[in-house]
Amino acid sequence: MNFSIGQTIKHAILILGALIVIAPFYTMVSYSFKSQREIETGADTGFFGSQEVIIDEFCVHRGQPEREEVKDTLELYPEKTERDVYNILLDEVKKNCTKKPVFFNYQSAFTFAPLLRYLLNGVIVTVSIFLIQVIVALPAAYALAKLRFWGRDFAFSLVLFCLLIPVHAIALPLYIMLAKVGLTNTYAALIIPWTISVFGIFLMRQFFMTVPDDLIDAGRMDGMSEFSIIWKVMLPTAIPALLAFAIFSVVAHWNDYFWPRVVITGERNLFTPPIGMREYRADSDGTFYGPIMAVSTVIVTPLIVAFMLAQKRFIEGITLSGMK
Amino acid sequence: MSGIFLKKINKSFGNTLVLNNVDLEIYEGEFLTLVGPSGCGKSTLLRILAGLESSDSGEVFIGGADMTKVKPADRNLAMVFQSYALYPHLTVSENMLTPLKLRHLSTLERFPLIGPFISREKRNELTERVRKTAKILKLESFLKRKPGQLSGGQRQRAALGRAMVRNPVGFLMDEPLSNLDAALRVHMRSELSELHKALGSTFVYVTHDQAEALTMSNRLAVMMDGNILQLGKPREIYEKPSDIRVAEFIGSPKINIFSCNVIKSNQVEICGFKIQGNFQHFMDKKISIGIRPEHLSLTNDRNCIKGIIKHRENLGSDFFMHVESPNIEKRIILRVSPEEALNLQVDAKFNFNFSQKYALFFNSAGKRVEVFDPNNITNKKIA
Amino acid sequence: MNSVHKSAYWFLAPAIILMIIIFGIPIIMALGLSLTDYSLGNPGANFVGLDNYEKIFTRSSYEKMFGATFRYVLVVVPLTVGLGLGAALLINSITRFGDLYKTIYFLPVMATLMAMAIVWQIMLHPSIGEINRFLQSGCEIGWLKNLLTLSFLGFEKMDTWFGRSCEDGMPNWLGDKDYAIWVVCFIGVWQGFGFNMVLYLAGLTSVSRELYMAAEMDGAKSSWERFRLVTWPALGPTTVFVVTISCIKAFQVFDIVEAFWTRGAGPSKTAYVMMYAIFEKGIKQNLIGIGASITIIFLIFVMMITLVQRYLVEKRVHYS
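Chains as they are written, first to last, in our numbering: chain A, 1 to 324; chain B, 1 to 383; chain C, 1 to 320.
Each hint should be verified, as a subset may be incorrect.
20 Å max Cα-Cα, derived SDA-like pairs, lysine to any residue [what the hints assert, rightly or not]: (1) 180/A with 222/C; (2) 180/A with 24/C; (3) 284/C with 184/A; (4) 10/A with 100/C; (5) 221/C with 107/B; (6) 10/A with 223/C; (7) 180/A with 25/C; (8) 102/C with 86/C; (9) 221/C with 275/B; (10) 315/C with 148/B; (11) 144/B with 314/C; (12) 315/C with 143/B; (13) 221/C with 148/B; (14) 221/C with 70/B; (15) 249/C with 167/A; (16) 144/B with 315/C; (17) 249/C with 66/A; (18) 80/A with 67/A; (19) 102/C with 9/A; (20) 312/A with 301/C; (21) 10/A with 82/C; (22) 284/C with 265/A; (23) 101/B with 228/C; (24) 102/C with 163/A; (25) 180/A with 228/C; (26) 284/C with 9/A; (27) 180/A with 21/C; (28) 264/B with 275/B; (29) 71/B with 221/C; (30) 10/A with 86/C; (31) 71/B with 100/C; (32) 71/B with 226/C; (33) 180/A with 100/C; (34) 10/A with 21/C; (35) 144/B with 223/C; (36) 312/A with 92/C; (37) 6/C with 167/A; (38) 306/B with 289/B; (39) 312/A with 97/C; (40) 71/B with 233/C.
Calculated directly from the structure, the hints in this document are not laboratory data. In this text the structure is predicted, and so the values were computed from the model without any measurement.
Go ahead and model the full structure; you've got the sequences and the hints to work with.
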């Protein structure tokens, strides 16, 4: 009885949409398993590819027999020519350098450029940004929501005004300011413009408005200072909103490409994952598709996995942002 | 041949049976209330009548016609919802116009821009109808306002207005007063009753509040666990409840229930006091005796039931005494006048009794049974 | 109570100071710099009045900038909003698997756009990309080709886009100036509509069920009528919000352009969007005066959108 025509058509449309949405993810993961040849010829070898072993040219190049080595070996086999010995040694190297494409791709992902370093940078930057945002936003939100003082309306309208301005839009003057104080190419440059999240202040203020005054008065009666009320009373009650905000902040800054591109110009050690991706495309047309897809997979996966695990919270977080 | 007839309605949600073979006839022009605790199926029954929910089996007749499979819009019933369900983006008059437009104007005539142009006369007519209804409900000065700018009572009236403009066969109301504050609720009760008299159309009213049910309706149907336990006039239901659950649900404070074992065929005892009657069918079984708080009275006779006052409830015009009595587990509640209450402070000991004719007897299955010869009811006090 | 008042200033001070440093000063700086020919590393700067703005509004490369930006915004905003709403309504009306679709449609929102743009770039590769392979395979299946070239309606094979592509080879999506910006738009829609869907789904949960019932009782029989009477008005505030943030996000498009074309913003600058222009002029070429002027124009656009939003929000307040 539930199997109506209407429902079937709806599912058909939704499935079609889902296929288009998911296509690049499928391609990304599938290519990260495949060899360059498989990708270029488009041979139908399934999601995981044929996993036919390939010779890792980089590995061969690195392992090329040295002149000394050839000479040493030549002494053991005096009947052979230098050329023969070289070839034998090279074959040996090649044998050690054959591997399945999946290993090749993921190995190259981590060796071709310091991907681990990039990931670490990504973690350092997103975590610092979030922590500083919270430290700045919580007291401000508390003051705006629960304290009475002269100038409160003005302060709140300032927040509302800044809410309209995307930080990316004013990247140029910010860049100049940072350049003037010599902070480009530092972690500080990556973090400073994001230390204030007006959205965070706004979100937490809206949430604090719903916390009953009695709770705060109880804290005051117990002898807490205003400052400890923020961290001991407000913070624990605000965990759901804070989590939503955390998701928002982490997603935005893990994925941010524009700002790091502006302030990190040459210092490879400071690259965040999205910027780091550029390294893999340096020799653009001779791009190795497999490794770069492996890099993409590695960068995209953490957030997707986190999303799958805490889907409800993620969507709640996004929804909260829409409640203004 | 008009009136509404629900026949053998069954409905379950998943594994829970919500309505169990319910039959109900609603006479034309009457005010019928479906009353019962939450979850008893009363709202579901109303929705099935409206056509908003379909029953698993059973039939719905409205005005003699089988409407079981008819869409809600074509049943010509109007509904007033608990949350009023006014369209928040439309003014009161637009809200009231909406059902009229959807019924009386064709799709083309409702089309933006050209619609108003080709159907001006019809539209004027409909607006006039809205104005008349608004006048009856004293809503005229609020017609241009949006629901958000109205008080609870005004929203309530606007919702009524939207239902009224259509001249429906019947009005369905799903707890329409429960979002109002207490004083307004009492006021709206009388307004609704008067409106019912003035309109003379059928009202089907759902509530969990037994006071609303008793005050407004011509008849009420007490529902519990998906069944109609009793259907009758308010007075009948109050005085002669057919089931112990009905007796307990209707009436506030709750009826007092004493249970005892029948050991003699012509009398039973409560705490050593005897009631004469015909108990031969209940030998060696339990029987419950129900007495409403207002039927218990104070007495100086020391042989009557003894009690200690544990709590006094002052309602101004009346006092309710919560009393503990030896050998009776539950607290007993009795109503006394303020004068009587003067002498009765907490922890005071006193005696009380009741007139035999007010005692209601229920068998072990909870059904009410007659134990007196109907021609020979005496006013004699027990004991 | 006195201490309560004072501590408020302490709590707000860091936020206010940071707002001034990160929003206030840069905006004023941009305003000032846009009137000069300043460049980093040079000792001084000359006041040039409105010259920079004049250049922006007269030179053809900036005409391209506005063209690309507005094309992107005007395509992406309606499509992300429309598809977001459509997906939300569909998901809301089905009885099963709603959560699954929701998850899938939301994936692009979470994924690093830079990485996904590179994946799309490979998929759009003219010879080895999956998209052209897929289209090409359509040319080889008789009935499908007939259908797509509309030849069953009597069209010649060169009359339709698909027919021509089968003959002359599939398009070079990213290398052809007729396609480039539209491909960028497509990626923008692909990435963005899931976000709007989630907001609309949240909006839909707040529509009271009784209102739908009331509409049905009032005689709104078709689902379209109920949509117009109940759903659409109820989603009004959500729509205003969704359109506003979609606009502001669309103006900021950058990652896709940088990922697709490592230099030059597309074939003959057809994808030269504003953020790219700010980046190229201001940071790469150190023409800070011009960059600052574009920044100011950008901010004016954003302000205008927000003013429209505020106006609409004020105009339609339902339940106070």
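Given the hint that residue 6/C pairs with residue 167/A, test it: the Cα-Cα distance must not exceed 20 Å. Given that 20 Å is the threshold and the Cα spacing comes to 31 Å, the pair is violated.
Please work out if residue 312/A and residue 301/C have their alpha carbons no farther apart than 20 Å. 35 Å, violated
Are the Cα atoms of residue 312/A and residue 92/C separated by 20 Å or less? 16 Å, holds
Given hint residue 24/C paired with residue 180/A - CA-CA distance at most 20 Å: The given pair, whose Cα atoms are some 17 Å apart, holds under the 20 Å limit.
Straight-line alpha-carbon gap residue 249/C to residue 66/A, limit 20 Å: Distance ~56 Å between residue 249/C and residue 66/A Cα, so the pair is violated.
For residue 102/C and residue 86/C, compute the direct alpha-carbon distance and say whether it is at most 20 Å. 12 Å, holds
Need the status of pair residue 221/C, residue 107/B: alpha-carbon distance at most 20 Å? Judged against 20 Å, a Cα distance of about 12 Å means the pair holds.
Holds or violated: residue 312/A and residue 97/C, Cα atoms, limit 20 Å. This hinted pair holds, its Cα atoms lying about 15 Å apart.
Given the hinted pair residue 221/C and residue 70/B, is their Cα-Cα distance within 20 Å? With a Cα-Cα distance of about 11 Å, the restraint between residue 221/C and residue 70/B holds, given a limit of 20 Å.
For the pair supplied as a hint, residue 10/A and residue 82/C, is the alpha-carbon distance within the 20 Å limit? Answer holds: residue 10/A to residue 82/C is near 16 Å, not above 20 Å.
Does residue 275/B lie within 20 Å of residue 264/B when you go C-alpha to C-alpha? 11 Å, holds
20 Å Cα cutoff - pair residue 71/B, residue 221/C: 8 Å, holds
Hints 1, 9, 13, 17, 20, 24, 25, 26, 31, 33, 34, 35, 37 and 40 from the list above are not met by this structure, while the remaining hints are.
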